[in-house]
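A.B. asks: Residues per chain, in single letters:
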Amino acid sequence: GAVVSQHPSRVICKSGTSVKIECRSLDFQATTMFWYRQFPKQSLMLMATSNEGSKATYEQGVEKDKFLINHASLTLSTLTVTSAHPEDSSFYICSANQGNMNTEAFFGQGTRLTVV
Amino acid sequence: KQEVTQIPAALSVPEGENLVLNCSFTDSAIYNLQWFRQDPGKGLTSLLLIQSSQREQTSGRLNASLDKSSGRSTLYIAASQPGDSATYLCAVLNAGGTSYGKLTFGQGTILTVHP
Chain R
1 GAVVSQHPSR VICKSGTSVK IECRSLDFQA TTMFWYRQFP KQSLMLMATS
51 NEGSKATYEQ GVEKDKFLIN HASLTLSTLT VTSAHPEDSS FYICSANQGN
101 MNTEAFFGQG TRLTVV
Chain U
1 KQEVTQIPAA LSVPEGENLV LNCSFTDSAI YNLQWFRQDP GKGLTSLLLI
51 QSSQREQTSG RLNASLDKSS GRSTLYIAAS QPGDSATYLC AVLNAGGTSY
101 GKLTFGQGTI LTVHP
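So the sequence lines, in the order shown, correspond to chains R and U.
Going by my numbering, the first sequence opens with residue 1, and the numbers climb by one from there.
Going by my numbering, the second sequence opens with residue 1, and the numbers climb by one from there.
Honestly, the hints are just simulated from the structure, not real lab data.
Treat the numbers as computed from the prediction; the structure is a model and nothing was measured.
Just so you know, not all the hints are guaranteed correct.
[Said to hold, decoys possible] Derived, one-sided and incomplete: chain U residues facing chain R with beta-carbon distance under 7 angstroms: (1) Ser28; (2) Tyr31; (3) Ser46; (4) Leu49; (5) Tyr76.
[Said to hold, decoys possible] Derived DSS-like pairs: lysine-lysine, alpha-carbon spacing no greater than 27 angstroms straight-line: (6) U:Lys68 / R:Lys55; (7) R:Lys20 / U:Lys102; (8) U:Lys1 / R:Lys66; (9) R:Lys55 / R:Lys20; (10) R:Lys20 / U:Lys68; (11) R:Lys41 / U:Lys102; (12) U:Lys42 / R:Lys14; (13) U:Lys42 / R:Lys66; (14) U:Lys1 / R:Lys41; (15) R:Lys14 / R:Lys66; (16) R:Lys64 / R:Lys14; (17) R:Lys64 / U:Lys42; (18) R:Lys64 / U:Lys1; (19) R:Lys14 / R:Lys41.
Every residue gets a Cβ at the ideal spot worked out from N, C-alpha and C, and that includes glycine.
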């Protein structure tokens, strides 16, 4: 299947700093990518839809100024957690579809963010 | 609003057993349903994708069925192995409402297969 690569897999940062997470589709182009957040022992919650060349669409309750999304190319979307706080500590996962939305969704390996 | 429920929340079985994981969803307006596997601290691995017009899909020891009208899907795992131990998630791709074009996930079933 298609490969979605996410980097870094793990990051620890100090409170107040910003962290950037990259999501790449390695062998296909993705005009749309999705960013999810997963708390321990809970399921995935969609944060935002990343659209190549245009603004991201955020889910209700997700602060767009805190979670900056940039989808500058057909193979790369980035999520920047700005002014991170301990409550932002979580597992962040991205996904993309190879083709239209009604195809298999492929997920990155996830990024474990710990804010201290 | 679409809601996806998975039963049981956790399952522990001895190696070799056949088992069934259940997934139900409240809104039948879906494009497809996908089953995933998630190992601890890892991302999701796609197992099976069933389009809304399909009734089942098979891959190796895995068989997934879909009854869209009743809002149910099952994942059948034959001859379970310790390596099957993981969290299994189902997700539906919504075809209507405010979640159009987005996946809604269940809470997952934590499967443990012991030798």
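A.B. asks: With reference to the structure, classify each hint as holding or not holding.
C.D. replies: Tested hints:
| no. | hint | in the structure |
| --- | --- | --- |
| 1 | Ser28 | violated, 16 angstroms |
| 2 | Tyr31 | holds, 5 angstroms |
| 3 | Ser46 | holds, 5 angstroms |
| 4 | Leu49 | holds, 5 angstroms |
| 5 | Tyr76 | violated, 20 angstroms |
| 6 | U:Lys68 / R:Lys55 | violated, 34 angstroms |
| 7 | R:Lys20 / U:Lys102 | holds, 24 angstroms |
| 8 | U:Lys1 / R:Lys66 | holds, 26 angstroms |
| 9 | R:Lys55 / R:Lys20 | holds, 17 angstroms |
| 10 | R:Lys20 / U:Lys68 | violated, 39 angstroms |
| 11 | R:Lys41 / U:Lys102 | holds, 22 angstroms |
| 12 | U:Lys42 / R:Lys14 | holds, 23 angstroms |
| 13 | U:Lys42 / R:Lys66 | holds, 24 angstroms |
| 14 | U:Lys1 / R:Lys41 | holds, 22 angstroms |
| 15 | R:Lys14 / R:Lys66 | holds, 16 angstroms |
| 16 | R:Lys64 / R:Lys14 | holds, 21 angstroms |
| 17 | R:Lys64 / U:Lys42 | holds, 26 angstroms |
| 18 | R:Lys64 / U:Lys1 | holds, 22 angstroms |
| 19 | R:Lys14 / R:Lys41 | holds, 24 angstroms |
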